Amino acid sequence: DQQVKQNSPSLSVQEGRISILNCDYTNSMFDYFLWYKKYPAEGPTFLISISSIKDKNEDGRFTVFLNKSAKHLSLHIVPSQPGDSAVYFCAVFAGGTSYGKLTFGQGTILTVHP
Amino acid sequence: KAGVTQTPRYLIKTRGQQVTLSCSPISGHRSVSWYQQTPGQGLQFLFEYFSETQRNKGNFPGRFSGRQFSNSRSEMNVSTLELGDSALYLCASSLAQGVYNEQFFGPGTRLTVL
Chain A
31 DQQVKQNSPS LSVQEGRISI LNCDYTNSMF DYFLWYKKYP AEGPTFLISI SSIKDKNEDG
91 RFTVFLNKSA KHLSLHIVPS QPGDSAVYFC AVFAGGTSYG KLTFGQGTIL TVHP
Chain B
1066 KAGVTQTPRY LIKTRGQQVT LSCSPISGHR SVSWYQQTPG QGLQFLFEYF SETQRNKGNF
1126 PGRFSGRQFS NSRSEMNVST LELGDSALYL CASSLAQGVY NEQFFGPGTR LTVL
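So the protein sequences, as listed, match chains A and B. For the first sequence, position 66 matches number 96 in our numbering, and the numbering has no gaps at all. For the second sequence, position 25 matches number 1090 in our numbering, and the numbering has no gaps at all.
Keep in mind that the hints are not guaranteed to be accurate.
Below, computed lysine to any residue pairings styled on SDA-like, alpha-carbon distance capped at 20 Å [unchecked claim]: (1) A:Lys-84 / B:Lys-1122; (2) A:Lys-84 / A:His-102; (3) A:Lys-68 / B:Gly-1107; (4) A:Lys-35 / B:Pro-1104; (5) A:Lys-68 / B:Gly-1105; (6) A:Lys-35 / B:Gly-1105; (7) A:Lys-68 / B:Arg-1175; (8) A:Lys-86 / B:Asn-1166; (9) B:Lys-1122 / A:Ala-124.
Since the hints were derived computationally from the structure, they do not count as laboratory data. Because the structure is a prediction, the values reported are computed rather than measured.
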């Protein structure tokens, strides 16, 4: 039973345009959300996070939106650059005793074309 | 500041053997988590250690074990290897004691079981 779902396996956008990556979760107890980027042969790199008491967090070109009623998380990248091409994972902490345990989605492959 | 390091980067073993993987966290980080990444299951949490104590464990058989040393370095061991254990094993470190801390990943150890 997949608790964190990224329903789009891949996304292709033009350089300079907006990339929107989506993530849905099933458990309303999830209360801290993160996005990671992964290049081949490297470990995931932390991008941005948001707690459940907020609905938006911004860091440079990256903005994460949280819609708790819909149990939906999205990452916006504006403007997209070719170097953003990578696999993007959303991840969540379930709270309470979830020490060190992130639950990941399956990932979305983002390709940004020059 | 040096990142998370993992050794070895690549390993080839045969069924029935055992293997030990090593992880050195970022200096000052006391929490180390381990994950298994496979094409079919994605990133799955194995266990987490803080101050030499296992605080959390994922749904993996007892063949998978770990430990943490006083300098926060961690090892994981897999005994009686099976073909299905072929995967990328990632460790991640984080700074503080609480639940909600961004994790910083190493490059991983690619284990192939023949």
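Status of each hint after checking the structure:
1. A:Lys-84 / B:Lys-1122: The hint is violated at about 29 Å.
2. A:Lys-84 / A:His-102: holds, 13 Å
3. A:Lys-68 / B:Gly-1107: holds, 13 Å
4. A:Lys-35 / B:Pro-1104: holds, 15 Å
5. A:Lys-68 / B:Gly-1105: holds, 17 Å
6. A:Lys-35 / B:Gly-1105: holds, 14 Å
7. A:Lys-68 / B:Arg-1175: At roughly 15 Å apart (the allowed maximum being 20 Å), Arg-1175 (chain B) and Lys-68 (chain A) satisfy the hint.
8. A:Lys-86 / B:Asn-1166: Roughly 18 Å between the alpha carbons, so the hint for Lys-86 (chain A) and Asn-1166 (chain B) holds.
9. B:Lys-1122 / A:Ala-124: Distance of about 14 Å is within 20 Å: holds.
In this structure, only the earlier hint numbered 1 is contradicted, and the remaining ones agree with it.
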